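S.K.: Chains as they are written, first to last, in my numbering: chain H, 1 to 287; chain G, 1 to 290; chain C, 1 to 343; chain A, 1 to 659; chain Y, 1 to 144.
Any given hint could turn out to be false.
Taking lysine-lysine and the DSS-like style, the derived pairs with C-alpha atoms no more than 25 angstroms apart in a straight line are [said to hold, decoys possible]:
1) H:K65 with A:K602
2) C:K307 with H:K176
3) H:K166 with Y:K137
4) A:K108 with Y:K115
5) A:K57 with A:K30
6) C:K210 with C:K307
7) A:K3 with C:K72
8) C:K31 with H:K120
9) H:K68 with H:K9
10) C:K70 with C:K39
11) H:K116 with C:K137
12) H:K279 with Y:K137
13) Y:K129 with H:K166
14) H:K257 with G:K70
15) Y:K31 with A:K22
16) C:K87 with H:K176
17) A:K108 with Y:K4
No lab work stands behind these hints, which were simulated from the structure alone. Given the structure is predicted, the values throughout are model-derived calculations rather than measurements.
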Amino acid sequence: MKEIIEKAKELLSQGTVDLVIGYEQCGDKQCRPLFVQKPEEADKLVFNEFCVHNLATYLTRPEVKQTKRVAIVAKGCDIRAIVNLIIENQSTREHVYIIGMNCPGVVSGKAPNPTKPHTKCQTCKVRTPQMSDVTLGPTPPESIPMDKTITHPDVEELKKKTREEKWAFWREQLSKCIRCYACRQACPMCYCNRCIVDLNTPQWIDTRSNLRGNLDWNIVRAYHLSGRCIDCGECERVCPANIPLMLLNRTLQEEVKEKFDFESGYDLEACPPLTVFEKDDHENFIR
Amino acid sequence: MNYAYYPGCSLESTSPDFNISTEALIEFLSLDIPEVDDWVCCGASSLHPEDKLASLALPALTIESAEKQKRDIMVQCPACYAHLRESQEALTHEGTMQDNLKEAIGREISAKLKIKHFSEILMQEIGLEALQAKVTKPLKDIKIANYYGCVIVRPQELMQYDDPEDPQLMDKLVNITGAESVSWPFKTKCCGAGNSISKTEVTLDMTYQILSMAKKNGADAISVLCPLCHINLDFRQPQIERRYKEKFNLPVFYYTQLLGLAFGLDPKKLALDRLFVSPFPLLKSKGILS
Amino acid sequence: MAELIINRDKLTQLLHEIAGGETEVFAPVLKEEATYITKISQDTPIHYDFFISVNSVKEAIFPRYEPILKYKIDQEGVKLEDIPPMKPIVLFGGHPCDAASLMVMEKLFGWDYNDHFYQDRRNKTIVITLACNEFDKDCFCTSLGYSPHGEVGSDIVLESISKEAWKAKAVTDRGKEFIEKHNTYFAASDKPDASFKTIGDKDIPVGFDKDAVKPWIKENFESEEWQKLTSKCWSCAACTYVCPTCHCFDITDDASMWSGLRTKNWDACTMPIFTLHASQHNPREAYYQRYRQRIAHKYSYYVDLFKVISCTGCGRCSRVCGAGMNILEILTRISSLAKKGGK
Amino acid sequence: MAKIGVFVCWCGSNIAETVDVKRAAETIAKIPGVVYSVDYKYMCSDPGQDMVKNAIKEYNLTGVVVASCSPRMHEKTFRKAASEAGLNPYMLEMANIREHCSWVHDNKEEATQKAIDLIRMMVEKVKRNKPLQNIKIPVTKKALVIGGGVTGIQAALDIAAGGIPVILLEREPSIGGHMSMLDETFPTLDCSQCILTPKMVEVAQNPLVTIMTYSELEKLEGFIGNFKATIKKKARHVNVEECTGCGTCWTKCPTKVTSEFEQGLGIRKAIYIPFPQAIPSRPVIDEANCMKFTQNRCGICAKICPKQCISYDDKEEFIEIEVGSIVVATGYDLMPTSAFGEYGYGKYPDVVTSLQFERMVCASGPTLGDLQRPSDKKKPKTVVFIQCVGSRDPEHHKAYCSKICCMYTAKQTMLYRHKVHDGNAYVFYIDIRSNGKNYEEFLRRAQEENKAQYIRGRVSMVYQDGPDLVVEGADTLTNSQVRIRADLVVLATAMVSPIGVKELAQKLGIGYDQHGFLTEAHPKLRPVESATAGIFLAGCAISPRDIPDSVSEASGAAAKVLGMLSKDELEKEGVVAIVRECSCTGCQNCIRVCPFTAIALKDIRDKAGNLIRQVANVNPGLCTGCGTCTPTCPSRSIDLQGFTDEEIFAEINAMAELH
Amino acid sequence: MEEKWEPTIIAFVCNWCTYAGADLAGTSRFKYAPNVRIIKTPCTGRIDPMFILSALERGADGVIVSGCHPNDCHYNEGNFNARRKYIMFRALLTQLGVDLDRVTFAWCSASEGIKFAGLVTEVTDRIRKMGPYTEFKQLNQDAR
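Generate coordinates for the entire structure from the input sequences, incorporating the hints supplied.
M.R.: Here's what the structure looks like:
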């Protein structure tokens, strides 16, 4: 903790950056984003298993883009988002000073009692962050045992369902959506300043939170994230309706991996998989 | 280095001299290379045109055995080598053949082990320098035509041994013995082994070409790494000499024998006395053996 | 009037019976570990062991979307279709802060235009409120002069006397009628469970001076403090949509070749598109401007119009916020700035 | 409010027999926005077209739907008519109720219902259509030809003949290409130099042609009609203007280097002209071998040059030129022979390539035409020619046929027999392909008059046996093994794309196949065009060709260039993508998927010039209107005019009853 | 008289191959089911997954998407891009439990008039057997 504070102070006082985005504690088992612009404000910075937010989502805001340079406290998984933002021309490597955190995993579930380890952490490849300008925190343990008590129905379970069961499941889940767009706003990859759902010529997606609108909205968001989602799980965490949004996203990312051998957010030179193709891309449904 | 030795049937039966000299080298170099447990015939020559599945399943059994031993496979006979490689390819690449093989054997085989020819191991894992350092009796003044045969280098994609037209691996090994490897064009020409029983005269002609080309290029002896080539060049040499009325008198060594000689091993231990064209006159004339 | 008692089983039976009829019943339901107040049917399990629902009760009366005009086109031309009349509603499971919010919101819908969709529903709604037994760090009804046992906006208030039973208090005539009509479910007062502890007004600390907020907002619209307070906000509508007093809506048309539907949908000032002009100019372009609007509307503009703060201190917006925005914290800061005369 | 006119065609009985056109017109008339709906026997006739024109004027129509045949047939006709009546042509759409309806259905009721639907969909679309303007692109009346071989020379000459200035770009020190290395050419046996040199002189003397040798394309920007090319002029170290080509420098230069032009069989100096007829006949210093550069000594050439033309300090230069059109004629290379170990190339000096053989028999070659084999200068008594070396060999090398080897091998057997009258020429072949004018006759002459012995089969190995080479192979016609003792073996190695052509294609934004050959816009119907507008292809750059084909293609490409540059402005359809900048995030998705590199980033700056953000920007000159960009844009900030989201949505919605 | 239900099929086709193939079916008088309504786009690259979704929601019982065979695209690569989109879009719909038998993808060239006709008839027959696509139509109901 001390090293983050010291680093932030150093970066701000030396003028390397004019903003540090990090975390502060806001409850026993709760942290939240913190914007630090002056060295003396840095004392509140923390890093622990409650630092679940993907702060990369702030990088695409105008006021952050306008900074001379911004430092961001980022877990390995958050850096995947930064990589994608750079690939997609929303940021540059030079503009972001990455304070990479060695991360033994974060919690999942809702505040104020998030006790379970996050599913994404169990398969994490970047506990030691890649590409960071400075890496802080103790080296994370080699492996964290799988916790069998994950409650949300995982991808395999979904795949086992029959088509009718799937349809019924998603009808039920998506009927809860209130279209607050917390998923979109929290998502680092949803940076459009004008979302397709906000267009009305034509109105592809009904803005009402009825089943059609909700289904269309969630289909489009998942589709737009296919090959781009970096599995941070923020959408699911912030959803006030508790819709298992990551279930859909994970399924699609698995498909991308299987079909196009691609995982997003690890390679600055890669192209989003839906913007490129191979002449022998395999499919078995086109006649 | 963690190999198990797969001699194959030829080295067990028709070419014990190759086997004996190989084991002599293993012992001399203190290499930890036990035999593969329960190895079976690779099915070479007879099986693959008849039953593709069986011809791949037989080597697969040997691969499985080595896998259980947790060892990679060292092999000497090029035909065994080729069949093991081919079987490994089929086992590690998804497809119908992989499925059929698994079904035929009834067990899972990952086949993710190394399969290497002994000469490759000597070259790549022990190294010329280390071998050179062990030479105590340099084979001075002997010119050797290195004859690789056709199997070890082809098909190149599968065998990945050396350049199929002008390989150098055995040449380099032989050179450290102090002998001189001659440059000649027939290193990988076929000796005709496939026809040696059915159309012997074809084989005789092909082998004759090889022997005379070796002689023409100034070779005193030939070095081989294939038991079948050896039979044709060595065992049939007197027959060829009679048929074509031309004297060759070219001793045909296994490369292991030449290395053993240079390391100062007992000729008996290298089974030199088992060669049909006796090498002793040559070796004596060059002052290598007294 | 004698005190009446109702226990869980009876209440469940009552609500289920009503739900089986022509009346819509809204009650707390557990979905994936969280409690929502939603419309139930006669066999929906009702969830009682909760602290506060994620959503507010406003959904019952001011739904997420509702049709306000419907038409069909055929060879003869356009034909308007009827919108079905509103059904009576029993709204159970809100806390006093929820009930109070109905009083705040109805002012808006009866103001310059009488929104009969809202008013019809409101007038046909019986509000059965659960007085609070718990509170958390985000609760601040007392700061706004409300109480965890308040009666504002309720027709009936249920005060726990044990884990399983409540003392029912009719606040309005309609509440009284309701109890009388269903008197078989209520029993006369038993001996209250002395061991049962609930909370009092004083347990929830008053966090700020509500009257200090408006003048400060009026004078410090351009204060840099706004940016500091709201920099984390990522402009979703979660806070707005769970808020019992947020009431903005949008009207959209959904037309197809042969039919059309006009609906009133929830909208939120926190979303970027809310003020986007056709010219693409957006007067509230920055994130802080939008959150400022939310606070300023609740604590200043609404007060100007209706003499009441458009917030009842339920704290839902703080609980739901993924970015960790906390309204109590912001108001406390404003109030303390106001006290100090700071900007 | 839209005012739509609908015109339902009977097409005689073609439509009217199956579709109740009256009912269709009447039903459509009731759609809101349709102010005029009529049926007529032949809409495409002059009276029919007049009906459309008159209705446009009379009813002030904002859009028209003609329900008749496929738009492929008459869209142009009706749009022209609309345009004549003052309606933007893109405000007219056709509903295809003939090919897609009346001709494929029997039941009149069903067909009528379908026709009504199809028309209604078009009405709904046209209501949302926006007037579009054809794109007009100004043209730079100048062309660039890349590659100075015979193909490039011909293209340059033909373009210049049309009065258009041309820049002829060649990366070697001289133009001439491979043809200048050949001895005589099939099937006429005329001397290659004799027919090429006049063309080289002609192109050099043409005032409209600027030859830039020892130069390469560094970068290409722009689009059809408006390319901006950056040319890298490599440092020649010789002042070309002042130099007279007197030859003093290369005579005195002490450094001998094997000559590329002579295919390694001859010698040149470190300062050299590649061959005597080179154009420009100005030398160039080979930095890699010149002692001044390698060891900083010598400097003789500078000392003795009578006109002080030598400058060791020359640096490469970059020149920007603007051209309207480009012809790519980058030719070919021979497959590197190191790939053929079985033939012993490189190991045995007397195994040579066909191009080496050309130099060995050429009167201007290193031996002045006296055929000697490389090893011992002996006149070869037996020569074995091997065809398809690397070609038609999908397992190991190239699957394609190199097309010219059969003929030049036949020619070479003749050239050989002309030099060695009693010599034996053997040819190993797979098939003989002699499909050109006089080719088969020529081949027969090689076989019959010149006694070339053709053996159908592959060669398994070539080896040295004493002074001789032994060629072992199969004769598949007699099913026997052959073993030929030869003095010389000539390999007809495969033609491959030259080194650097992929990089060039990437700079040009044109496609190439897995072999590096450039891809035509259409293999049959647009064979000299690349998929990128304004860039044309000719010769072996596309795939192996002989000289006549290459030259014809050069003329073909030149005609395309002239056709294009004959106008002051190019006009193309207005169906192009358009970016809504306010919501574009500049994520580059559209840029990545655009097959025509028509989209690039554009900087948005504030008044002070500070970069605010970047957005996509479509170059309408390059955009072909495929619309692949549109679905790729998450915020739908790029749309395809003429097929906008709104228009297509309207078509879908025209079928819908939602509530 | 009870009206027999007939499915509505919307086909999104590219201009250069499948639209021309449908024209060829016309000029060749290959008969096919009259249930299809063709919407022309320049290229399969233009065909947005949203089109398919919208069509199903707005009354189509089945959707056909068809364009040039791989390597035949008039714009060289539009269909390759489209193929990737469809692969992902289908994967998404599969996991949502959308009935993918309702959506048919095909490559149909300008010379394959017979293939086009067969495709339309086959799809129409299949959808007719499946019945109206109520799952998506129900989404439009305004149930609170």
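S.K.: Give a verdict on every hint.
M.R.: Comparing the hints with the structure gives:
{"no.": "1", "hint": "H:K65 with A:K602", "in the structure": "holds, 18 angstroms"}
{"no.": "2", "hint": "C:K307 with H:K176", "in the structure": "violated, 35 angstroms"}
{"no.": "3", "hint": "H:K166 with Y:K137", "in the structure": "holds, 17 angstroms"}
{"no.": "4", "hint": "A:K108 with Y:K115", "in the structure": "holds, 24 angstroms"}
{"no.": "5", "hint": "A:K57 with A:K30", "in the structure": "holds, 21 angstroms"}
{"no.": "6", "hint": "C:K210 with C:K307", "in the structure": "holds, 13 angstroms"}
{"no.": "7", "hint": "A:K3 with C:K72", "in the structure": "holds, 22 angstroms"}
{"no.": "8", "hint": "C:K31 with H:K120", "in the structure": "holds, 23 angstroms"}
{"no.": "9", "hint": "H:K68 with H:K9", "in the structure": "holds, 16 angstroms"}
{"no.": "10", "hint": "C:K70 with C:K39", "in the structure": "holds, 24 angstroms"}
{"no.": "11", "hint": "H:K116 with C:K137", "in the structure": "holds, 22 angstroms"}
{"no.": "12", "hint": "H:K279 with Y:K137", "in the structure": "violated, 37 angstroms"}
{"no.": "13", "hint": "Y:K129 with H:K166", "in the structure": "holds, 22 angstroms"}
{"no.": "14", "hint": "H:K257 with G:K70", "in the structure": "violated, 32 angstroms"}
{"no.": "15", "hint": "Y:K31 with A:K22", "in the structure": "holds, 23 angstroms"}
{"no.": "16", "hint": "C:K87 with H:K176", "in the structure": "holds, 22 angstroms"}
{"no.": "17", "hint": "A:K108 with Y:K4", "in the structure": "holds, 16 angstroms"}
Violated hints for the displayed structure, listed by number in ascending order: 2, 12 and 14.
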